[in-house]
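The listed protein sequences derive, respectively, from chains A and B. Note that full-length UniProt numbering gives residue 334 to position 334 of the first sequence, counting from 1, and the numbers run on in steps of one. Note that full-length UniProt numbering gives residue 16 to position 16 of the second sequence, counting from 1, and the numbers run on in steps of one.
Check each hint, because a few of them may be wrong.
Claimed, not checked - Result set (DSS-like, lysine-lysine): computed pairs, CA atoms no more than 27 angstroms apart in a straight line:
| hint | chain 1 | residue 1 | chain 2 | residue 2 |
| --- | --- | --- | --- | --- |
| 1 | A | K15 | B | K37 |
| 2 | A | K12 | A | K52 |
| 3 | A | K37 | A | K375 |
| 4 | A | K15 | A | K88 |
| 5 | A | K118 | A | K15 |
| 6 | B | K37 | A | K12 |
| 7 | B | K37 | A | K118 |
| 8 | A | K404 | A | K278 |
| 9 | A | K118 | A | K375 |
| 10 | B | K37 | A | K21 |
| 11 | B | K111 | A | K37 |
| 12 | A | K12 | A | K88 |
| 13 | A | K209 | A | K278 |
| 14 | A | K21 | A | K126 |
| 15 | A | K37 | A | K118 |
Stated by the list, open to error - Derived CB-CB ranges, DEER-like:
| hint | chain 1 | residue 1 | chain 2 | residue 2 | range |
| --- | --- | --- | --- | --- | --- |
| 16 | B | I16 | A | T316 | 40 to 46 angstroms |
| 17 | B | L53 | A | E485 | 15 to 21 angstroms |
| 18 | A | E354 | B | D63 | 36 to 42 angstroms |
| 19 | B | A55 | A | C59 | 49 to 55 angstroms |
| 20 | A | G61 | B | A55 | 45 to 51 angstroms |
| 21 | B | L53 | A | L356 | 36 to 42 angstroms |
| 22 | B | N8 | A | I53 | 18 to 24 angstroms |
| 23 | A | S87 | B | D19 | 24 to 30 angstroms |
| 24 | A | Q290 | B | D19 | 58 to 64 angstroms |
| 25 | B | R98 | A | R205 | 21 to 27 angstroms |
None of these hints come from the bench; they were simulated from the model. Even for Gly, the Cβ is constructed at its ideal location relative to N, Cα and C.
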Amino acid sequence: MCLRSSSYTSPKPCKHLADYKLRHAFNGYDSLQNCLKTTPIGRTRVDNHNTKIPRCNFCNGYQGRLYICLMCSSISCSTHILLHTQSKSGHDVAIDIERSELYCCLCCDQVYDPDFDKVVVSEQIKGLCPGRSNKRRRLDSGMELDLKKSKRLIAMRDGRAKSCYPLGLRGLNNLGNTCFMNSVLQALLHAPPLRNYFLSDHHNRDECKRRYGEKLCLLCEIGALVSAMFSGDRSPYSPAQFLYSWWQHSSNLASYEEQDAHEFFISVLDGIHEKESKVRNSSKDDGDCQCIAHRAFSGSLRSDVTCTICGFTSTTYDPCVDISLNLDTVNLSAAEKTGLSTLSGCLNLFTRAERLGSDSKLHCQNCQELRDTSKQLSISRLPLVLCLHIKRFEHSLIRKTSRKIDQYLQFPFALDMTPYLSSSIVRSRFGNRIFAFECENSDSSAEYEIFAVIAHSGMLESGHYVTYLHVNNQWYKCDDAWICEVDEGIVRASQCYMLFYVQKLLYYKANKDLSCNASVESR
Amino acid sequence: MSGPNEDNNTQLSSHIFGDLLDSIIVDVASECHRIAKLGLDRNLEEEEEEMRLSAQARARVADPSNSSETNTKYVVDIFGQTHPSVATEIFECMNCGRSIAAGRFAPHLEKCMGKGRKARLKVTRSSTAAQNRYSRGSPVSTYSPYSNSTSTNRLSNGTPSVAGEEYSNGTYEEPWNKT
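Only chain A is shown next, with the shape it has when bound in the complex (with noise of 0.2 angstroms):
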């Protein structure tokens, strides 16, 4: 196990512990190695194998709560342990046994030490059983996209306005119940990895067409869709050609009515990563897939499945484009349904440790029977560009009908995901002990900056879609043909159905590209 810096801090030890480590350095540790127990829930506990119940040595006691002196072992309870280190010079650390912690007698306080910890966690994992599945991928985020060139693709800004407004607005006309892809492209042609790559040409829709010959590119539609977004023309554009291809590609989505928005945007990423691997001819799993639509959506789940019994875990990895989650309040009667849905509370219920009916025993590899298990999801790789896919939809399978759930959502702005890292969830299912796991991902922030916000409004089957943009610091209204200007409190009060964010630093980055006192040079 390597020693890298995590994202928690190490907090300074008093001096009294200090003092201890001083003298003793690992020796009371090591000797206490052999009596700590841990539970199959995480639990972990000192066990003094000698007494049956410990007591203190001084009131006999058992209740409450009850430490054990790392100098000598004996045992005292709360109201005691201040008496045992005033008659004993320098037992001044003792550990609580039912919670395996340090606790310093003269501070009388609680106290953390990284080397204790090791001790524990090494002792937790001793206990479980080893031969975990370990895909462990190393991936390569590959951020650069050519910031400079797009900038000198950057067409002449648009003087007409009396105020200069950022390139890359215009509307999409609405070609017939089109709001649903409308809004979509909106959001995924001003995704910072999207945008600069179509305008840095890396795409080259020419050679395309010289080189394969075939009619249907989809990165090419997204390619002549970004030009002409970027082309200083503000009159609405009509994304024609473009849902003629789709049509051709997606065959079985092909049809004038309604439509999802999160589907058509799983679709269309489909094409463009289906366009990529008849290019390279490769058949990459998705988490190593290069192609633009994976290198900046792509992002790695990891799934634990824990057996109740024994503790032995089984973890799986596996790719995603996005996140669906489900609302936070959506099991909740009625009555209770007052409390307010968050995305924070989504995230939660996404990564909580669920238990699996005991109609759904899985067989434990260690126990060799079948056994009740409890399943965890965590994100073990963000994405450059995060999507979540909130599930407005309730099935009730008692009426056989579907409705949207029209709760209000409150999502931030401002987004740090690192609660539901793996690194996050798996050191807390070890009591947040100071220590490396292996799953630590220090590479990539998990700080976001939110860009777009997909809203809808109106019924299941006629609603409207409306994309909330966020450039250069000002919030604008993309309804089809219509780009107006709103202010962030009509964003933050809207039905948000899909929630797109940035990592922050590609957010900063790409918005000083953007500005309209960029010097231009015309193509």
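Given chain A's structure and the hints, the job is docking chain B onto it.
Frame of chain A; chain B shown alone:
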């Protein structure tokens, strides 16, 4: 009727319960103490600020005296342009060459390409060729174990008022039954 034994039992059980409860409370306190000391707790101030801004925004929107967000259709956009509710830009259909108004393009294309419910009955050469060439099943969609990105979780869009003649109310299939 309660004898001395039952009194003892009641006392004993509430005593045990009290002990267990105390232990659980200390568990939580210990865990929170550790989280706080190690700086693992999320930035609560920032979160609270986001919540406050959201609440404020909702209150403003709900207030009828505020000039609420008007229906953006039929207004002037930021570039000073107005647009009709149904797009009138004319262009050539890339499938058949006819001139079509933008707002009616999708229903036209559906019939023109032989897609859609009514047209699906006639299997044309072009649509089968298209289906064979671009068969679905690429890795991008295998994410489905975690999400119901298939038909069971879709929000449709569609405004019956902006429709071609072939759009019929009330007889369309429920979207989630589509394969």
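Does the structure keep K118/A and K15/A at a Cα separation of 27 angstroms or less? The hint holds at about 21 angstroms.
Mind checking the hinted window 45 to 51 angstroms against the Cβ distance between G61/A and A55/B? The hint (45 to 51 angstroms, Cβ to Cβ) holds, given that G61/A and A55/B are roughly 49 angstroms apart.
Would you check the hint for K111/B and K37/A, treating anything up to 27 angstroms between C-alpha atoms as holding? Judged against 27 angstroms, a Cα distance of about 71 angstroms means the pair is violated.
Is the Cα-Cα distance between K37/B and K118/A 27 angstroms or less? holds, 17 angstroms
Distance restraint between K37/A and K118/A, which requires alpha-carbon spacing of 27 angstroms or less: holds, 15 angstroms
Would the hint linking K404/A and K278/A be met if the CA-CA limit is 27 angstroms? violated, 38 angstroms
Verify the proposed pairing of K12/A with K88/A, using a straight-line Cα cut of 27 angstroms. Holds: K12/A and K88/A sit about 25 angstroms apart, inside 27 angstroms.
Using the C-beta atoms of R98/B and R205/A, is the stated range 21 to 27 angstroms upheld? holds, 26 angstroms
Consistency of beta-carbon spacing, T316/A to I16/B, with hint 40 to 46 angstroms: holds, 41 angstroms
Does K88/A sit within 27 angstroms of K15/A, going by the straight-line distance between their CA atoms? holds, 18 angstroms
For the pair supplied as a hint, K21/A and K126/A, is the alpha-carbon distance within the 27 angstroms limit? holds, 25 angstroms
Are K118/A and K375/A close enough, with their CA atoms no more than 27 angstroms apart? At roughly 26 angstroms apart (the allowed maximum being 27 angstroms), K375/A and K118/A satisfy the hint.
Of the numbered hints given earlier, the model fails hints 2, 8 and 11; all others are met.
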